[in-house]
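Peer 1: Residues in the sequence shown are numbered from 1444 upward in steps of one, following the working numbering.
No lab work stands behind these hints, which were simulated from the structure alone.
In this text the structure is predicted, and so the values were computed from the model without any measurement.
Among the hints, a few may not be true.
Computed Cβ-Cβ distance ranges for the label pairs, DEER-style [what the hints assert, rightly or not]:
#1 1457 to 1604: 18 to 28 Å
#2 1476 to 1657: 34 to 44 Å
#3 1528 to 1583: 34 to 44 Å
Straight line, CA to CA, 25 Å or less: simulated SDA-like cross-link-like pairs of lysine to any residue [as the list claims (entries may be wrong)]:
#4 1548 to 1476
#5 1528 to 1487
#6 1548 to 1602
#7 1528 to 1503
#8 1636 to 1582
#9 1548 to 1582
#10 1528 to 1620
#11 1548 to 1587
#12 1528 to 1665
#13 1528 to 1484
#14 1528 to 1631
#15 1528 to 1616
#16 1636 to 1573
#17 1636 to 1602
The C-beta atom is built at its ideal place from N, Cα and C for all residues, glycine as well.
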Amino acid sequence: MSAPEPPKARTIEDRAAFITANTRVLAPPHVPELSLHLADDAVALWEMTEEELGEIGLPPPFWAFAWAGGQALARYVLDTPELVKGRSVLDVASGCGLVAIAAMKAGARAAAAVDIDAFAADAARLNAALNGVSITARVEDPVGRAVAEDVVLVGDLFYDRDLAPRLLAWLDTLTAEGRTVLIGDPGRTYLPKSALAPVAEYAVPVSRALEDAEVKRTRVWRLAR
């Protein structure tokens, strides 16, 4: 007798509907002029996603929250529109698409939100529409690849020990090519501060359920070349 086939992983057929059903339209506290589909409870949404897909160990729903690094970058872009005006922008590990949306609001010619999570791409599209702008959302890992955009913005990505050196090397290459590269970070463990120079600092309100404080001191950095 042959062994029974393992159950097939389920899929969420309409990711956009799932996102809108499990989030609320809220204004990120440090970028109140924008609106996003955001979740109130990280753990509950995470568990619900795993239950819907019948799969344990899925990545957290990063797309459902406005993280401190992204809020700081978005604030800086909106307050310094000459940084992106008339230029193309790449929002790396875009999550909810906040930074790409801020870039378009500040006058960017085009903005692409890229993330490895397909839910993030759908969330970014929904949030862009909510704010009356058009962005491109792609599911990919751009780190190490050539990019066409003029400005590369990275929020809250230096939390992984293995990714950090690869990410820094890539950003250094992009900077050497003449691109504008900025990083938003609230002091994640693997942020290479010795290779960076701060350009702005903010006190960003965040969810205590996600962070170790209600307000995170968050800086925007450039590479110190």
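Peer 1: Hints first: check each against the structure and report whether it holds.
Peer 2: Results of checking the hints against the structure:
no., hint, in the structure
1, 1457 to 1604: 18 to 28 Å, "36 Å, violated"
2, 1476 to 1657: 34 to 44 Å, "22 Å, violated"
3, 1528 to 1583: 34 to 44 Å, "26 Å, violated"
4, 1548 to 1476, "10 Å, holds"
5, 1528 to 1487, "39 Å, violated"
6, 1548 to 1602, "28 Å, violated"
7, 1528 to 1503, "33 Å, violated"
8, 1636 to 1582, "29 Å, violated"
9, 1548 to 1582, "22 Å, holds"
10, 1528 to 1620, "20 Å, holds"
11, 1548 to 1587, "28 Å, violated"
12, 1528 to 1665, "18 Å, holds"
13, 1528 to 1484, "35 Å, violated"
14, 1528 to 1631, "29 Å, violated"
15, 1528 to 1616, "23 Å, holds"
16, 1636 to 1573, "35 Å, violated"
17, 1636 to 1602, "13 Å, holds"
Figure legend: structure checked against the earlier numbered hints; hints not met, in rising order: 1, 2, 3, 5, 6, 7, 8, 11, 13, 14, 16.
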